[in-house]
Structures are given as C-alpha cells and as structure tokens.
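There are 2 protein chains.
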Amino acid sequence: MTQPATAQRTLNVALGDRSYPIHIGSGLLDDPQALTPYLAGKQVMVVTNETVAPLYLEALCAHLPSDVDVRTVILPDGEQYKTIEQVSRIWDALLEAGFNRRCTLVALGGGVIGDMVGYAAASYQRGVAFIQVPTTLLSQVDSSVGGKTGVNHPLGKNMIGAFWQPKAVLIDIATLASLPARELSAGLAEVIKYGLIRDEPFLSWLEDNMAALRHISPEAIIEAIARSCQIKADIVADDETEQGVRAHLNLGHTFGHAIEAHQGYGNWLHGEAVGAGMALAATLSQQLGFISGADLTRAQAVIESAGLPLAAPTDMQSDDFLTRMRLDKKNVDAKLRLVLLHAIGNACIDDTTSEEVLRALLDSYPRL
Amino acid sequence: MTQPATAQRTLNVALGDRSYPIHIGSGLLDDPQALTPYLAGKQVMVVTNETVAPLYLEALCAHLPSDVDVRTVILPDGEQYKTIEQVSRIWDALLEAGFNRRCTLVALGGGVIGDMVGYAAASYQRGVAFIQVPTTLLSQVDSSVGGKTGVNHPLGKNMIGAFWQPKAVLIDIATLASLPARELSAGLAEVIKYGLIRDEPFLSWLEDNMAALRHISPEAIIEAIARSCQIKADIVADDETEQGVRAHLNLGHTFGHAIEAHQGYGNWLHGEAVGAGMALAATLSQQLGFISGADLTRAQAVIESAGLPLAAPTDMQSDDFLTRMRLDKKNVDAKLRLVLLHAIGNACIDDTTSEEVLRALLDSYPRL
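In order, the protein sequence lines correspond to chains F and E.
Going by full-length UniProt numbering, 125 is the number at position 125 of the first sequence; the sequence numbering is gapless.
Going by full-length UniProt numbering, 298 is the number at position 298 of the second sequence; the sequence numbering is gapless.
Hints in this document: simulated from the structure, not taken from any laboratory.
Remember, it's a predicted structure, so these values are computed and weren't measured experimentally.
Hints are supplied without guarantee of correctness; some may be wrong.
Copies of the same chain look alike in the list, so a pair counts if it fits in one copy or across any two.
Unchecked claim - Listed next, the in silico BS3-like pairs over lysine-lysine satisfying Cα-Cα at most 25 Å (straight line):
(1) Lys157 to Lys42
(2) Lys42 to Lys335
(3) Lys157 to Lys335
(4) Lys42 to Lys167
Generate coordinates for the entire structure from the input sequences, incorporating the hints supplied.
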C-alpha cells in the first residue's frame, strides 16, 4: 500500500437518495480500501480500454477483496468506439458471467469509458451499481459529476443514453502522469469553463496557478479538480435533468460540438474544441455588449495559457458551423439557444441572437 | 367521432412527479381528444407492429392535431423481435426525422411493442415522453402499469431495460374484438393473479364473471381491467423499483418463465405459462401447509375456467425447471426465491424451500 503523497479530499454530490462521494487524492488505486465500501455485492465487472488496461487494470483488480468474483472487459480506445455495439459487449460479458442485480460495474478510463459503462449499468437488469475511476483530467472534472451516460449514434453525439448516478467516484491524480500534455490541456478547458460561468475568484486562482497545473503539481491539481467538481455538483444538484441552469455547463460546447463533428471526432480533442468554442462565445458576448473588451481579453488569455486554441479550424466555413449548430439538443422548436457570458463568472442563456448576427461573427472570426 | 359505448374509467398511478392517468373505455382510438393532452411537443413517432398497423394505425394518426409532425415505425410482430436491434430502428427513425427532446413516442400494440417503445423513449436523448396504447388484454392489465421497459438478450428475457413511466395510458377495449381467444385467456391469467395475490373479493368477482369476460362484455372487461390496474398501481406506488412487495406480482412467473424459455418463446404464450406457473405455486403453497386443499382447488378452478392450462409441458423434466429457475432475477446470491400464497388474496416471498422439496413437487406434478 502506497502512502498518499498529498492530502485526500472528499466532496459529496447531493442528490437525495442518489447522493454519492467523490474522493480525490494521489495513490487511491493502490489503496485496498478505496473501492470496497461501494460494492453492491460480490460480483464486480471492471471495464477499461486497451490504452488504460496495461497501466492500471492489474493494480485495481488486485486490491479488490478476495471473495469477490472479478471479471474484466477491455474495449478499444477512442470516441469512434462509443457505440451501442460496444455497450452490448459489456452486457454480453455480464450475462455470460451470470451476474445479477447486485453486481457492480467499475469504469476505469476516460470519458468514453465512463459514459459507456454508466449506460451499460443504467440498462442492465433495469439498473445496477457502478463506480467511476476516471483517469483523464477531462473525465475527472467533467463526466465524474452529473450522471450523464450514453453513446453516440451515426447521426449525433450522445444521442442514446440515460441519467444514472454512480455509487462513488475515485479520482487518483497519479493517473495524470501517463496523460499526454495535449490531453491535459483539453481537460483544463473544462476547468476554465467553471471559472467563466460561475466563479470569478476561481478563474483568478487559475490565472495564478496555470503553470503549476500544466506541470501537474499535486496540490494545485487536487484543488482545481475539487473546485471544478464542487461547482458542477452544485449546478447538478439544482437541476439534475437539465431543465434550466445546468445548460450553463455547455459554454463553448455548441460551437465546440460543431468543430468536433466537422473535423471528425478525435482530430480536434473535445477540450480543444471547447477552448475555441468558449473564445467564440466570449467574442459574441462582447459584440452583444454583455462583457467588456477587457473581459474578452482576459477570457482569451486564460484559454491560451492552458495550451488551447482560440481560433477556429482553417477549413471550416460559417455554414459548416450553422448547419451543425441548428441540430443542437438545447434548441427548442428551431430556435438557436447559446450559452454566453454576462460577466466573467456569470453565464446566461441567449435565444435572441439571429443567424445573421452569428454568421457575421463567424465570417470575421480568425481561423488557425 | 364515435360515441363511447360504455362509461369511461380513469385511474391515477401515483408516483409523485412521474404520476400519470390510465383511461379505460370503448372507442378511445376514435376520440380526437384522447392523445392530444399528453403530447410533449409537436413531434410524434407512432411505433406499432405489422399485425396491429393495418387495424388501428391510420385511425390513431388521423386524430392527432394537424400541426403535429407525425412519423411511424412498423416493426415485425413477435417476442423474438424484442431486441436491441429493433429498438435501434426506433432511434434511427427519430434521428432521421430530426426529433428533439420534446418529441413523444406512442406505443400502439401489445406488451412487446410497449416494452420496446418505453425503452427507446427512456434512452433517446436521455429520456423523452411516451404514451402507451396497449391493444391486448395482457398488456392492458400488466405492462401499462409499472414503468418496466426493455428488451430480451440471447442469454435472458428482459435483461436490458429501464424503469421509465409513460405520460398516459389509453386502453381502448374495442381493440380486444380483434384479439384471438387464446390471447384473451392469456391476459386473464394476469387478471386472476391480482385476485390471488392481493384481493380475495376480486377473485370471487372473477369467478362470477368469467363467462362475461371470455365473451368480452364491455362492462365486465372494463371492471376487470380497472381493478387489475388499480391493484398493480397500488403495489408499484409502494415499491417502484421492486425492492420488496412488488415481487408479489411475479406469482407464477418463476415457473412460467422456465416454461416459456424451455418451450421456446411464442410456443406457450406468456399468460399460459403463468397460468400453469400459478397452479404450481398454489400446489407448493398447499404442500407447505400455507393454504388448504379447498383453497388450492379454488385457485385451480378459476385458472382452468379462464381457458388456461394447469399442467406443465409434457416434455419438460424437473431438471429443465430447476436449471432455469436458478437464473431468476429475484434470486439473491445463489438462493431460490419463490412467490407463494399464504391465503387466497395474500401472497408471500419464500426463500426457505430447498431444491429437494421443489424437485419432489415437480417430479410428481401432472404433465399435459
């Protein structure tokens, strides 16, 4: 058992009888006591991908109690495998093992694994327990809170899924040591988002600590993850199924999803697309007079300092954006709904911006 | 607009903010006002099967408001098509139509259609509205209450699914005129079940009215459906996700599922297997001293009077039962759990019966 290098932090996501804890620390995967309290019974299915399996699967399984029937499923790595067919492989494995309603699924990996395992758990025998062990910064600060699970469909991202809460989330920041720098930056996009939409003092802290975060200083990373999860938990507790304020979490995502879809999933990372998308949303917010030029410059600077792009893809025309943005899940009855900024630390929903105004912004916006 | 032939009845299934009404009457499908109040928006996908479509699809669609975008999906008929592949066809149609979160699915058909459409709705964009229009007696008294949705897997029945409540259930008993007599009897199995597990006066009423029910007398059928749905609604309101008393609804089903699976789905109808399964459960209850010989005779007589089998299939050995019963979802850790009768109108859960006792019962039980 490795001694944790830094203090462990625990948050509670308050959702009534679906509440659960998020444990954040270094070395949690080496702690035999970390997972055990959250197992529903004696049957455990650990699901991971081909990239993560060689790094952490053996250690995680080794620390489960010896009387537990542990099985594993290793899926291919990548957003293109976030499909109902891969989820079916998890169901096949559960049924071949004869696992019952008291089994527990463990999602070991990034957001794709977390979303698929969550959905597999939501639908297996109409719902079984699952535990998230996110191994990327993006999944640690984003998909570990909120209960959104699901898969992509050829006609749209995250179109099939369920709201299903985990029994616990274990965030071991030691896993970030194996994460490529580009993916760390992509995770920081979502961290910055929390500051921009809800917490100006946190954004100010991020400006002061960006270098430490990019060097994965344990204290800074734990603080950033804890504050991000807390902000998301507060929002989700207010609005579990996204009827209102939860939509603020989509700052930069309407533009970002259009970029990801146009470039082909995986060419721009989700966080990179969200970075450029937040810069676009901030620019529009300034053009509409919601925020000042100084605020826009500040938003752009923090996004850029995380190693993220501000400009849009070179080969993406305004029509490429508009066509895809019209399909956004947030839209109501053919009306575009955008998340914009009223101030640094204060997001708002806007459905008054016409396609003409949006087209003018996109026509004049820098390309990479 | 056809005038309803008999009084309409409305029940409320009380599930907090997921409560919904069940309307029972004759001619509801010809009433332009029946569906409209329950549409979430202006996009409606009606899903039915090849048997039901020629009978009722046109009438149902004709009565939807003219400003609604109505699409249809017609699936093949039969339990063998209750699969994730068929549910995917519904998702494909929804996405091809560009339907958003405010769309409404309508399930027009029996239990298979209801279960699949409910699951498609539960998972489309993490949950959209659906309305049940059950057209068989079995689905009217069983799957229209309770929110159990899902599909079969090659390794088990109803293994993939979700709890998801409809916005409303419309039961038009005029649809029973096109139902084969054998399927009417299968539906009566579940009606009898409600009397046996919870309501001795209702069982007594059934004994007096069985001939009228088998002739589809409107007053008797409406009364039987309303009382059945009310009993199920009361049980589900107490125990939405089957932690306790809801398991009583499985009287006869552990034996019955074994019969269905062994014979091949569709050879014995579900209700026929449940009829023989309830007779087996009553026999075991009498052998254990829970009920008297007179009670057993009474249970057998009412099952038989509905046109249902009491005996087990000729070619099914005791081991064929036991092997499949060990896989039942109700079992906890390797222990068999059976629903038995403490009295007519009073079910109980039993996990004390050994496999030896069960084997002795099955060895001596009559075969067809």
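Going through the hints against the structure:
For the homomeric pair Lys157 and Lys42, the shortest alpha-carbon distance between copies (23 Å) is at most 25 Å, but the shortest distance inside one copy (35 Å) is not. Only between protomers do Lys42 and Lys335 lie at most 25 Å apart by alpha-carbon distance; the minimum there is 14 Å, versus 50 Å within a single protomer. Taking the shortest Cα distances, Lys157 and Lys335 sit within 25 Å of each other inside one copy (20 Å), while across copies they are farther apart (42 Å). Within a single copy, Lys42 and Lys167 get their C-alpha atoms as close as 15 Å, which meets the 25 Å cut-off; across copies the closest is 37 Å, which misses it.
Violated hints: none; the structure is consistent with every hint.
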